[in-house]
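Participant: As a plain string of letters, each chain reads:
Number of protein chains: 2
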Amino acid sequence: MTYCVGLKIDRGLVFMSDTRTNAGIDSISTFRKMHVWEEPGERVLVLMSAGNLATTQAVVSLLDERSKAVSDRSHTLLETPSMYQTAALVGSVVKEVIANASPTGQSADSYFNASFVLGGQIRGTEPRLFMIYPEGNFIESTEDTPFFQVGETKYGKPILVRAYDKTMSFAETVKLLMVSFDSTLKSNLSVGLPLDLTFYEKDTFKVGLQRRINQDDPYYRQISEGWSDALKMAFKSLPDFVE
Amino acid sequence: MTYCVGLKIDRGLVFMSDTRTNAGIDSISTFRKMHVWEEPGERVLVLMSAGNLATTQAVVSLLDERSKAVSDRSHTLLETPSMYQTAALVGSVVKEVIANASPTGQSADSYFNASFVLGGQIRGTEPRLFMIYPEGNFIESTEDTPFFQVGETKYGKPILVRAYDKTMSFAETVKLLMVSFDSTLKSNLSVGLPLDLTFYEKDTFKVGLQRRINQDDPYYRQISEGWSDALKMAFKSLPDFVE
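These protein sequences, in sequence, are chains W and U. Start counting at 1 in the first sequence, then tack on 158, and there's your number in the working numbering. Start counting at 1 in the second sequence, then tack on 158, and there's your number in the working numbering.
Same shape as in the complex, but just chain W (with noise of 0.2 Å):
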């Protein structure tokens, strides 16, 4: 499967995905799975993708073949005049990849589906994060619900749901993503390293930074052990049952 997350904070958005991709557990590959569009000071949009790897790669090529096509402009990534319209078109190209694969050829055990997770900032505009679904509809985050998972959630939810603090700075965001991907790894053969990092601060039209973090990464290690210590530690320091 696959385990990607979008945050928003006060400071910006961060990114987060694996990079495994499998058809069957013998059956396993890496795969990027965030893929980020920039025009310096005018657009940064970063987009993540969780399902179907066919459908996955058909709608990020289509995107990127089309903002390259200069001539035809109007509609497409880099072009877009709001993050609202960017969605609408990913959108529409989830739509068109989904509909072209499922009624002819051979039908396949598995569906073709694949959501998305959308954000960015376009010049004069917000930073705005979407969740995209397969049927190519749409949702935006807000301040109840300031991220966005795909793929393999469950495992990793939990201390999102508990730690997550808009005010926190890149380098806790960093670390609360690090934690809610290693409780998804340590559970789930489907997620797996390396994972692929992007930073967008508010305002500055540029890609932050952009990481992969590997396995011998001193950072996750240090977090993935660090982590189990800490855990056992939080447990120890609760009450015991008394009957």
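Accuracy of the hints is not assured; some may be wrong.
Where chains are identical, the list cannot tell them apart; a pair therefore holds if satisfied intra-copy or between any two copies.
Derived DSBU-like pairs (lysine-lysine); straight-line CA-CA distance at most 30 Å [as the list claims (entries may be wrong)]: (1) K226 with K364; (2) K360 with K226; (3) K344 with K324; (4) K226 with K344; (5) K360 with K394; (6) K390 with K344.
Think of the hints as simulated: they come from the structure by calculation, not from any bench. All figures in this text were calculated on a predicted structure; none of them were measured in a lab.
Given the coordinates of chain W, assemble chain U onto it according to the supplied hints.
Facilitator: Positioned in the frame of chain W, the structure of chain U alone reads:
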């Protein structure tokens, strides 16, 4: 949905289940999912169920009814010679119930499937813990996999994986289960209070503590609130990311 955990420790077996059933989110009820059979000095059996409520109730009713028909007890819950045979008996009733429901009458949107956790001890044998599938076959816990979850298992798994230790006391085990259930309750509406708790202490051949845990149970509240704080403290204790 449902969340049930059966856990084997050196001292015996511990079972916890929620009580929420739902058919759509606007049709929520409370049903006991933990069923205990006891023949003092001889055997204790605990069965927990997740899945279609009509199926799980039918399975429990049939098992119960047959164990009371004294004339032919040889193939009943109270006369099986081993836990293995008991698991096989439950599995065969599961198959029978699902087979009866499936091919006739109106077809339903959802399946008639159900999964079960069965644990207990029969005099002359060790305590054993099984997970029984809708197909009627089953697996047994081992040192490597000392617990089984059924229902909404993902949210509460990371803490079980990290904090379980087979030398735990009953009191510590209840704490562990409370944290696992609390993480699930906070993330998923289909799992709900009250919770049912049962201990079985090895070689006693009688049911240990049985307790229903409500919303206003002081220990539950202490764990639920304490765990939020302890988790935040644990999280703060880890080093922040440095670019």
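Participant: All hints are to be evaluated individually against the structure, with a verdict given for each.
Facilitator: Each hint, compared with the structure:
1. K226 with K364: Close inside one copy (19 Å), not across copies (74 Å); limit 30 Å.
2. K360 with K226: Within. Shortest intra-copy distance 26 Å satisfies the 30 Å Cα cut-off; inter-copy 70 Å does not.
3. K344 with K324: Both ways: K344 and K324 sit 27 Å apart in one copy and 20 Å across, limit 30 Å.
4. K226 with K344: Neither: 40 Å inside a copy, 45 Å across copies.
5. K360 with K394: Between copies only: 25 Å across chains, 40 Å inside a chain, cut-off 30 Å.
6. K390 with K344: both (15 Å within a copy, 20 Å between copies)
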